[in-house]
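The task is to assemble the complex, starting from two chains supplied on their own in separate frames and drawing on the hints.
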Amino acid sequence: MRVTQSLNQTQFLSALDTLESNLSQTQNQVSSGLNFTTPSQDPIAAGAVNNYDQALAQSQQYTANGNSAQTGLQTENTALSQLQNQLQSLRSLALEANSGTQTGEDLTAIAEQATQIQNSLLTLANTQDGNGQYIFSGFASQTQPFSLTATGASYAGDQGQNQIQIAPGQTLASGDNGDVVFNQIKTGNGTFTVTANAGNTGSGILGATTVTGTAGYSGKTYSINFTAPNAYQVLDSLGNVVTSGAYTSGQTISFGGAQVTLTGQPATGDSFSVAPSGNQSLFTTVQNLITAIQSGASSTSAVPALNNAVTTALNNIDQAISQTSTVQASVGGRLNTITTQQSVQTSQQTQLQQSISSLQSLDYASAITSLDSQNTTLSAAMQAYTLTQGLSLFKYIS
Amino acid sequence: MSDVFGISISALQAYQTALAVTSNNIANANTPGYDRESVDLTAAVPQSNGTAPIGAGVQVASITRAFSQLSANQLNTSQSSLGQLNSLQTYTSQIDNIVGTSAGGLSTALQNYYNAWSTVANDPTSTAARQALLSQAQSVASAFSSTNTQLQGLSTSINQGIQGDVTQINSIGTSIAALNQQIVTATANAGGQPPNDLIDQRDELVSNLSQLVGISTTTDSTGAVNVFVGNGQPLVLNDQATALTTVGNQFDASQLEVASSANPSVSISSQITGGDLGGLLASRTQAVDPAINQLGQIAIALNQSANAQQNAGMDLSGNLGANMFSVAGPQATASSNNSDNTTAAASITNVGALTANNYLLSYQGGAYSLTNAATGSAVAFTGNGTAGNPITADGLSIVLSGTPASGDQFLIQPTAQAAGSFAVALTGTTQIAAAGAIQTSVGGTNTGSATISSGSVVDAANPNLLNTATIQFTSPTTYSVNGAGSFAYTSGSNISQYGWQVQISGTPATGDTFTVQSNAGGTGDNRNALASANLQTQGVLSGGTVSVNGAVSALITGIGSQAQQINTAQTAQTAVNSQALQSVQSVSGVNLDEEAANLLQWQQAYQASAQALSIANGTFTFFMDSINGTYS
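Line by line, the protein sequences are chains B and G.
If you count the first sequence from 1, position 374 lands on 374 in the working numbering, and the numbers rise without skipping.
If you count the second sequence from 1, position 14 lands on 1014 in the working numbering, and the numbers rise without skipping.
A couple of the hints might just be wrong.
What the simulated footprint calls covered on chain G by chain B, stretch by stretch (three residues with Cβ under 8 angstroms from a Cβ of chain B suffice, anywhere in the stretch; the number is not a length) [said to hold, decoys possible]: (1) 1094-1107; (2) 1118-1128; (3) 1281-1295; (4) 1520-1533.
Bear in mind the hints are in silico, worked out from the structure with no lab data behind them.
Treat the numbers as computed from the prediction; the structure is a model and nothing was measured.
Ideal Cβ placement from N, Cα and C applies to all residues, glycine included.
Just chain G, same shape as in the assembly (with noise of 0.2 angstroms):
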């Protein structure tokens, strides 16, 4: 009788367990990170009285929590990657705001400048015009200027960004370390039964951490979790949190960069990837910076042709052009890591080979090595480094101001800075130079037939333009110029002196003259405004083969397709991640209804055991009584 008592008593105790974890699990189906537990019951072990064994009733041998360690893998690695897409996207998408369909208004503010300068042509002595023109000029210099402010706002805002999350990552490393250790302590005092609640607590906490950085994951023997980030950069091991840290960027002290705070001098940014934080080091480094340096490339573009086309011309006051617009050329900065003082200086010597990239130039065991910044790549170049004899690579010249110690490195930005300090350089009307530079004329006693064009300047330089020069025929073929030398002369074909060059066409006598003198005063010639409004089509960049407008409209397809590509590549990933909750879920969710089952069957069990017990009891009643002779 004593074994109906004590088997439907362990029943009755093994189906409230089982009634309290399904509540549990009901409770919790809402809870984050919280995995479904069950009940594992097993048969007691039966006591042998020399026949054959009764069972003993039942026993909950342990409770477990349904988890897949694969699953909850797979869910934190996508939910990394999701982050970093999530936080490019942002910046993306801004970026993407921000150029917009007309690169901040700059595409329509260069159209207004080109027509401000025909407008000029078609009256050059117009104050009117020459103020439109100006107004114009401005207006782009607003454009790049509003733009760049824009994009550097992103760069503040990534630095924030990057702050926050090494907070909140510090933050939730030392919840796991600490976490880690109360598993280890709990685990033991339940003699090897595992503290089901703080581990899922854990777990969700490295699942936080995912969304945040990438990160790699062991469990040791203990049941502790250590987490890495970066190349293997111990963020958590067993109950000790080793904090991440932010650094200023070894060339710009305003960009923030990560670190660890076992080595807070070195940067381990470039390590990082995935997460809120690998997506903002990610948008630095893919979306805003490149964007910056692609306006500034624009910048310094417009500046060189719209500059060389002003100063080869003549202004109202019969001076030479003055520069219209100036932009501040590259930047060079040496690494905060190097050992000595040595600086570097860059200067553009040819725009149409100039990139957008920034370069690390490198010292190290006695030779330099020139790298895009982003990519890591070689680049060629020529040269030493001393003022004789430059580093030239791609546009650009690099000198030295001394031999660097061994492992010094420098930053090269060649347009970073363009976008941000262009502006206009002329200050009155009366410096747009419409007029060209020279005026040519035919001798009024000529008596062939040749004709002299208007001529064009070469070298605005050359101290002997502005010089009045007689070309004067000495016979028909030959010709002097200012009295001195005899040169063939071949109808149409080019005469360049004292950097003008013109050209005689038809047939001249001997005795004929032709002058190129000066412009002053030339006040209605609106060549060089013509030439300045022609501007608009001709290539610039790469090589000559690509016009402002040009690398505007590229700049907008470049912009809109990086946005487009992340915005692709984030739904995707988004569905991903979809399916890595669905497959942790469909482990270790809640399913209510089929809790709802449970408790039924818990229930008419716990029932079934308690008629049981009910029945024993009346068996017992009935054999007392019997004794007792109460039973007749």
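Bound conformation, chain B alone (with noise of 0.2 angstroms):
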């Protein structure tokens, strides 16, 4: 085959171009610490890194939403720790004034004491968090929830619960609406309530209510009439007798899963409803207490109203303290749960970080190789073309 000089010429140069544009590449590889830095360069793990970095944006942000949930969560604890002290105070209030010997200036004063519970329990149910939000007023955050009104406090939050997301797929409540909180609170023992008669006049006290049977209460409304001090009769709603039978204190009286407790002397006519449990409001119940104290130290007469006003509130601060301690183990629960799910998300961060460096990361060891080959490939090819250059036959001719 005859080679020319201008061929040799020619295919030196297009040689020395590309040995000088894989020599930049690398050395750029080098000098970045990235093996691709175009998607053409390894188009594959250009998508996946783009979906890698999109995990780890997405993970980082989990880990910024739980750290923002847990300061919303640790805000509402420390108020529903606080509400408990209070409603545990509360209740040692409500059972000295049930003791029995209080004088009405001791009722007054533990009145008194029972108001100032009231208002740091409105201040406990308006928190605000850092940033002024109520955290007790669900959706409506701006909004004050609670106020103070004559039969108890009205609501003015609604029922929202914010979720924030701390993992693909899974989201925790970042807090609690005050009406989960501080109004939907069961009457008496969170299945049926017992009331005494406003109009009762003999000295029939409310003591224990459970629910018996297998069967659980019935659901039906009923009244303990007694037809004489020693006698009682129970009605359905539409009249019937459901039992009867003779009476003497500390009596336990039975019917539909229910079981009522009654000690003291009843007059004649004196009647208990009993109805199923619905929901009362924390305030309701302290603004009843309050009355029914109140009420206690104007009127020495009454003992035996305010001992049953006594006993319903304190059966209504028992379920208070139980929800609050429900709503609290919800809070500790999902505390924990953002903790776990963080080191969660640390972790997979750690292996996504290591995904994207396993792709893009430049493997020196083997750059440094080949930039190594590369600059003696073109070395040579240099020195080649110079020996070759210096052939001539005219130069042997003289």
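The following block contains the structure:
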């Protein structure tokens, strides 16, 4: 094959181009530390890195979300702990009022203390977070949820509950609304409630109530009527006699899955009504208690009425304590979930970073090796060119 | 004696010519297109004088150039392919750089945008978080628009390239035609001897032309070469050149197409392959336009998903959320060749079915046909183009203003305008719909244990959506809505009314009520912000299987693969071309060592002939001296 000098020249130049551009690419890799800087250098990896990048950013956002939820839940937890303390104090006051040894002045002082607790409860119910948002008003976070009224408190919030995303497909509530914490509190023992008729003249006082039988409480309303001080009848809502019997103080009366213990001496015509538990605002309970203690203080003859009202209030306070504990337990559970999930996210982030790095980061050892070999090739090509260029027959023609 | 003189002189003349040819070879060793020449020596016809014929010396029969038509044709074909790939590579690698590993910053902007939604969800009333979201949305819009602008810039540069190539092709065509004429004349004048240098020049021009555009050539009996482009479109016929010209695309006058000046209104772009011009046309249809369309498809997907979520939520002022983004819809253009004024309008009916293709709608013989504009393959459709029964295909709906004339064509570009027009539509932070549109509540006097879900919006356009609705249980197993109807209750199943959907679970009691109402005032609600943040991984395209970011990844991989493939093809073609060049050079190239050897050969032959002449002269002198007696 004939080889011509100009072809030699062209081919050497084009080889030089290729070699130098390869060398420059390797050099770029080494100086940027990246395996590829444009998608064409590794299209599949470039697409994958984009996906991993997104997953990483998302995971980091989940961590941030968790931190934000944690702050909110801790604020709520603190408020709930204080609420629990206030409820315990209120319970002690109610027991004190119920001891039967209090004078009118004592009762007035107790009512005064209960009023102070009522104000503390209101402050707690209107707790604001660091951003000035009310934590117990549901979605209406810029509206003060609770205001006192003559019979308790009105609720201006809603039943909304925000969720925070802490992992793919996993959200958790970042708070609880005031309706759940303060308003939706069951009355009585949580299943049914017994109230003394306001017109009772005897000294019959409500005692413990329990649900009996495997079928549980029937869910109907009943009334326990005293036909004589030592005889009672239990009527259903239609006026039918469900059961009847003789009464002595401390008597347990059972009907429709409910068991009611009464003490003291009711008068003929006294009655106690039994109904399924409804919801009652904590503030209504507190207001009722204060009203009862205040009226107890002003009338010494109304001891049984005071006792019955306080017993009802105590039952309701116990329900509130139990509700608060439930919410608090749920908040604690959520805080635990966040902690667990954050460590999951952290390890996932590490993994994603490793994946990205394994695709995108340069393997320096191999890059330096190829840099070296490309360098050698280039200088060998240059040397070969200068050597062959020196060859010419014309040199020998004299 | 005269024989020796004659023979020697013929030899001296022949070797002088040979030395001149060799010198000319050496002089043109680096001249592009020069073909090595050689002298063809033949023995002169002997003259018989009755005895055995004695040779009459040597003569130059012709000077021929070393040329292989096969090799030259191979080189031209290879150069056309290489030219096309070089030009394609210029554009694919530019797109590769523009899109880069983060889709022109789009991918980072999208991540930040979705994370900003999460931040709003964490603190829905924070103006700072909302402002950050608007800024991130703006970054997304900027990423779309700047990437689109850069891609459009490539389109402009392709137009300029086509213009330049056409000018150059025409100038070369004219030169070839002129050389054809000179060659024919010179051949006749030289008694049939070929004018090698003119032919070299012309062949070099043909070779240059093959780098600009794919050509085919024929040589006729007079020695003139005819050059054709495309499907036999004549560029040079003998001494006549037919110029190429540019013409605006029938659907988009701003895009230049190639036409023959013999029929300047008809584009022959689709027939042109090879060379820089073929590469430019291919870059437009295979690289730049698809990239713009794909980017637009992503813009439409994002627009659709973000707006739908925003519409389902409630802003800080208690209004249903307005659109987050705005984007231009599909473009339907009538061909400038259409014979009537029928117009077409296209709209998107299903983003999930939308593709990044362009479509060609043709009306011929009373029937429509829809084809993929790039591949020409038929696309299935339904409908007849009327408003009541639009032509529907691939998530598009096309309505025509009337019945077109037969032969009319319309180009439908569903996504081409989207990326460039993508913009943030919201103007204020209060317009961000972080809250859900509705809220639900459990009646305060409920005695049952049933709970109600927070509810979702399924039809934001329902006029009753925000009106308060009460679900009342008329028995533990039946309920009415706003006092009407009696529906069977199943715990946890969907209850849908007035554009919302809720679930009630648990055991309700007779008389229990649940309320669904407007969430106005629920400024701390983050449900919609949460849902918006979650759109990041939600499928929108390809029937709801590919998320916005998934489409970005696919774009990056697609662009990268294309650039990589063209790079590989270009490297391979460079090697092929180098082979072809080698094969041409091995026949036609000048090897200086060979010429040096030839020089010595001719020099020696010349010297020997001169010696023969000198000996003839000596012999003759000796003979004369003998006669004159000077020799004793």
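Structure versus earlier hints - violations, ascending order
3
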